[in-house]
Amino acid sequence: MSTEGRIRRLAEEDRPPVEFALDGRDCRALLGDTVLTAVLSNAKTLRHSEFGPEGRAGFCLMGACQDCWMWQESGPRIRACSTPIAEGMRLMSMPPREWP
Amino acid sequence: MSERVVIVGAGPAGIRAAEVLTNAGLRPTVVDEGMRSGGQIYRRAPEGFKRAADKLYGSEAKKAQALHACFDRMLAEDRLAYFPLSSVLAIADDGLQVLTADGLQQIAFDRLIIATGATERLAPVPGWESAGVYGLGAMQIALKAQGVALGRRIVLAGSGPLLTLVATQLEAAGAEIAAVLDTSSLAKQLHGLPQMLARPRLVARGMAMRAQLGRRYRAGVRLDRIETSSEGVEAISWTHRGTTHRTECDAVGLGWHLRAETQLAGLAGATFTYDHSFAQWLPKADAMGRAGERLYLAGDGLRIRGADGAEVAGRLAAVACLEDMGLSAPDARADARRMRRLDRFAEGIARAFPWPAEVVRQLPDDAVVCRCESITAGALRDAVDAGGSEANRAKSLSRVGMGRCQGRYCQLAGAEIVAAQANLDVATVGRLRDQAPVRPAPIGAMRSPDHSTRSGRNN
Ligand code: FES
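Protein chains in written order, with UniProt numbering: chain A, 1 to 100; chain B, 1 to 459.
Just so you know, not all the hints are guaranteed correct.
What the hints assert, rightly or not - Cut-off 30 Å, straight-line C-alpha distance, at most; resulting in silico cross-link-like pairs (DSS-like, lysine-lysine):
#1 K188(B) to K50(B)
#2 K63(B) to K284(B)
#3 K44(A) to K55(B)
#4 K50(B) to K63(B)
#5 K44(A) to K50(B)
#6 K62(B) to K50(B)
Don't read these hints as lab results, they were simulated from the structure.
A quick note: this is a predicted structure, and the numbers were derived from the prediction, not measured.
Just chain A, with the same shape it has in the complex (with noise of 0.2 Å):
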């Protein structure tokens, strides 16, 4: 597992792997973790602020905040500690282009 991912993992972890991408980049997570969890392992931030220069890895993780949008290659945006990662996954930190 990735070593510069944000979040530590301290138990549950012989679930099976998924695999998923990051702004195009392979990566892997555990089955039954959220999609924050899973690019959090990843990476140490889930997208950028559209308002300041900081980066944003959510906040309250009950679906109450909505820091922790994200999007997807194709299809609609998600709310990262809300959705569970599944196979074949392809998020993106940064909206696509033809995002309003």
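Position chain B with the ligand against the provided structure of chain A, taking the given hints into account.
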């Protein structure tokens, strides 16, 4: 045909309300945002996770298991209709507009029980917009529901019973806790103690947790700044008895006890008063939770009493609902008595771990208040100077409270700053009106074939 009762929320309050109703032969509908029932404090891990209940819930394992089993039984026996992963966006024409996993649905009701719980109550700390700053509750959710720590070296800061609890839970699971910084002084904590002794065992447990943290726990701290790089948090600086300290860390969990989640209650017609001991606007309700015509509230969304209080409040609200329908209801006197004791304890907690109003009022101009859109305390003060001190007006001028979280995490701090700028008590600047949709809805979701878009009713 019997009346349709809808319960929003499947935490301790919602589950116990459903239990009372199903025992009376009703078939309520339960709408919940979670993947699985249980709510936040008794949140369940996804299917396939294996940690035992005592690992997840510690001393509360039995309660959590009983609650989960209660809901699973009702579900298995098909005694309720259940919509998981579903958010109520709006209330209109006696129906809820609900965003379910399969799109928007209208769910009609005759009576509504709202048990939407709470989020943590947050005060901005300069730098808190950065990656790696989380709510205290988020730290706990990550551990329970995912088995992870949100950092390699964690500082927890704020005040309230969750602070030491989350610290000891994380540490027991193998996370590194660098410091636990309580903004409440020991003197203030003693001030709340007499009422907290309504539940002596909880007080003893709290003291034991604190002892376990040793010198890493400090009371009476001022949080000065979270230092960050583009990657996120690097350290937190804080002052204790006149000395400045700096603790290196890559994650900070913040929280000052809880804030009732009241937007749906407001849309459903509840009215509010500012509660000075809980330092927030709380809905008005009778002792059973009746908050309006056919409207009942229960759990932390009504009053911050914690999980035990939520279970009791859920039962009381359902009893009130049954009585109002003219059906026979179980005897609620024992629960009403229990609630009075829980209320005393809750008041004690509120006193012992207060909202840091003075610090928020003096936040530096460059500190971000609204995390959603990075709006600073200075910009909010300018808006007050330009447009006056009414909360809704300051919100529309400054945009503090208009971001994607809809003010959940900035409105208390925002109101405090507005009040300070206008030299007023925080209660006089008013409460932000509730607006639908209470969760961001995908474009088009608010329009369904037979219902045109409606904004929420204001109270
Ligand atoms: S982290 Fe708050 S909504 Fe996902």
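Evaluated hints:
1. K188(B) to K50(B): Violated, at roughly 41 Å.
2. K63(B) to K284(B): 28 Å, holds
3. K44(A) to K55(B): 28 Å, holds
4. K50(B) to K63(B): Holds: K50(B) and K63(B) sit about 18 Å apart, inside 30 Å.
5. K44(A) to K50(B): 27 Å, holds
6. K62(B) to K50(B): Between K62(B) and K50(B) the Cα gap is close to 17 Å, so the pair holds against 30 Å.
Violated hint: 1 only; the structure is consistent with all others.
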